[in-house]
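Undergrad: What follows is each chain in one-letter form.
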Amino acid sequence: MHPFEHIAIALGQMGLIVLLAPFTTGFIQKLKARLQCRTGASVWQPYRDLVKLLRKGTVQSDSASAIFRAVPVLVLAATLTAAALVPVVVVRQAPAGALPLGDAILLLSLLALARFLSAVGALDAGGAFGGMGASREMTVGVLVEPVLMLVVFSVAVSTGTTDLGELAARRGLAPLSLHAPDLLALFAMLVLLLAETGRIPVDNPDTHLELTMLHEGMLLEHSGPGLACLVLATHIKQLVVMALVAAVFFPAGMTASLAPVDLALALLVFAGKALLLAVFLALVESSYAKLRFFRLPQFLGVGFLTAFLALALRIL
Amino acid sequence: MTVDVLPILPLVPVATGLAMLAVKDRRLLAAIDLAGSLVVLALVIAVAHSVGEEGSLSAGPLRADAVTIPFLLLIGGLAVPTSLYTVGWMKGELASGGMKPGALRFYYALVHAFIATMLVTVLADNLGVLWIAMEGTTITSAILVGFHGHRDGLEAAWKYIIVTTIGISLGLFGTVLIYAAAAAAQGGSPAGAMSWHVVSAMADRLDPGIVRIGFIFVMVGYGTKAGLAPVHRWLPDAHSQAPTPVSALLSGALIKCALYGIIRFHTIARGACGPELSEDLFLLFGVASVVVATPFILAQHDLKRLLAYSSVEHVGIAALGLGFGGRIGTYGALLHVVNHGVTKALVFFGAGSAIGRYRSRDITAIRGLLGAAPWIGTLFFLGTFALAGLPPFSVFISELTVVRAGIGSGHVVSVGVVLLMLVVVFAGLMFHAGRMVFGSAPSSVAERGPEPRTCVLAMLLCAAIMLLCGLLLPPVLDGILARATEVILG
Amino acid sequence: MSDALATTLIDDIGALLLFTMILILGAGQLYRAIYAVAAQSVFIGIAGAVLGAATGNPDLWVIAGITIAIKAIFLPWLLLRVVKRVGIRLEIEPVIPISVTLVIAAIIVVLSFYLAASLGTVRQAITGNALPVGVALMLLGVLVMVSRRKALTQMVGLFASENGIFFTAMAVSQGMPLIIEIGVILDVILGALVMGILVLRVRSSVDADIADLDQLRG
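Chains as they are written, first to last, in this note's numbering: chain A, 1 to 316; chain B, 1 to 490; chain C, 1 to 218.
The shape of chain A in the complex, shown without the other chains (with noise of 0.2 Å):
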């Protein structure tokens, strides 16, 4: 394929998360609702909060630098350009000397930039609760990060190949290529999806109390535009994890050929995908209590346990 036309392919990917994020947020805050007995915001809600916020003004702490002001931004490029890394409808083969747009460590690279970055932004601030909230988005970063490597490289062993579009190629596109380790595989990622969306029992969304939130307690400062660049990150972040898990255990439904048809298609199995994977973080919202803090290694270890048996079944 020509380069631009990966390049386009790419970027058109990001575009469909772009704009299906903040209503993957606001199904999930819907059933919710509705799994508790109430009405509940409706679906748009998150797309109306977001231009609410881009038409606010920005305080800032007298403390707060330059820096305070550009995370926002940074955190909301690294978010898009991993949205751009990872297949959604499109599966292609890169060519040889390509540009490396689908490789896996690099979009775990730069979800964990993400969050470097937002954790500077809280403690640019000064305040103790964004100080408190980036240490233990933190260390939850560091108990989550080498559980997502292991994750991606359980697969990768048994393809050969760390790119995400080659990775999902040779899987296959039957529907069931889920073999044992895949199992623990996908029972280890289930966990991370907890803690990359920040959800119970890991982390509680929709609190504002201080010291009950992680990733809240990192946005506690900022307001306005910046508030909304990372709300969308936030969004965006979900929807990018979500996909990965799509494309690596069930890349069945995504098609090679850029016909409408199959564009269509495809984009309506992801639909379709991303909705299950919702419905799924909605009912375990709804079912447990959020962890304390000093039990989320525990929890974590879990999935870590699960991840390394995997890789160790593929390797053995």
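The hints are all genuine.
Residues on chain C that point at chain A, a partial pick, calculated with CB under 7 Å: (1) D12; (2) L18; (3) I98; (4) F113.
Calculated directly from the structure, the hints in this document are not laboratory data.
All values derive from a computational prediction rather than experimental measurement.
Virtual Cβ for every residue (Gly too), placed ideally from N, Cα, C.
Given chain A's structure and the hints, the job is docking chains B and C onto it.
TA: Using the frame of chain A, we list chains B and C on its own:
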């Protein structure tokens, strides 16, 4: 034999136990208990006689060959003195409130169920049945260990059942591995792959790698049940907290049954991958047991715990005999199994009576036993003498045989270490026993009534066997042990 | 059912068994461990059914049924009854921290696979991953028994260990003889009953968990 004796043998204690559940009268229960044990002994002698003539007897999953007989004789031979001792002991327990009249029949029934499971263990040809019966002994004896209902007894029972069940689960896994090897050697057909005599016959065709790993699991697993260090930690608690007759059976018979299980697998392993692995493991566990038990014997306050650690030490010596290998080592180990069983029962009986008399388990509290209870005191002292390995008693002969085997096979260091430990143990045992037996008894104890006749009779019986085997080994026993050695060595 | 399909299914069930074992190891509360071991027994039952279909041995179907009835329904129910009767705190207190336990578990699993890989020809007599997974499950069950302070958690570890042994035993050629497997299950039931009784007796006389008693020393 016109009537198939083999299946009847384990059924007799079961029938006795069931019969006792229906009886409430104390004297009748004691009578049935004794009668049941005598019948078991008679049948055991009959089986031994048949096997001596015909070589082996089979009945379905049960089989009696030359190796079975010493263990059968041990079980049957201990059942009778134990029942005899229980007659006198139980009177004391009922009087002092240690045993409640309502629970009496359950106690007796459980003891016979325990004996039945031990009989099935040594009679089993099918390795799976061996395991099932072994777990059965654990379950029945665990209830017996905690029978008194005291906190310490329950703690001991829990530790016992958990640790030994872990252990024999590992043993089950080893059994499964050997079964897999046997089935593979038969080209995937499982016919007879669980039967010991089939598997040992084709042992040279088994894959040595998997047999090695299987044997290691079996050794650790059944070794836990046998009380070999370092997995012996349950033994001091269980054997000391159990009621005295049960302690005698546990130390005298049960740990030997576990050793029997290991011996069966030892024969298979010898055939499949040579004697090195099993002998090395026996040596390792044996030396560890002797070394670990010694300091606890020296610095001990509780009388029955002292005897329990002595059991650990002696089962270690038996394992050493098997580890040194060859004719002499294996013969010595088997002889030690029988001798120690009888001697340990004697000493436990004496200890139980002393504890009942002095109302205390503390060694320092028991003084002047010779004056307070002359027969029991003398026999107890002789038993401890024997346990320490002194002539002219039986344990001396078997320990000597094992040491000879060790020197003969070149394991001089192990022999040296063990001899040193034995000397230390001797000193410790003599010190404790001397303090207990000599001196003058506290006045409250001296007037405590005459010694129960049945207890003394039981102890005399054990002492007589002990002395006989020490002075001259009856040729019958010698023949039995020699034939068993031959079968083990293949 | 073809051999290849049976092997794949056994491998998948092996992965699921390992996952339930991880859940037992990482369980913070007693009832989660009990549910995990019940799920594990269900998977063992399914494995038995798969092997029964693959080898055509009817005994394996019987074993599968008995395993599900006893180890997935009856024994967990028994444990939950004891929990309710005794009214103990549900928190599991480990002797070593859970994170250390998980690391040891990882090492054990890797070693089991290593061990199984070093056994040449006999591997073919055992379907799929059953041997290493069985060894791992058994050793991890022992790890749970050794590293937990609550009596009921130790029993859960025992059941998990037996599941591991069963898994390997079922996958050996045509499975172990029916009588043996039934005998083993009977023993497990009786053992569980005795243990349950001991737990209740201690609870009623002393207000402590039986696994916590440590008066006997020296």
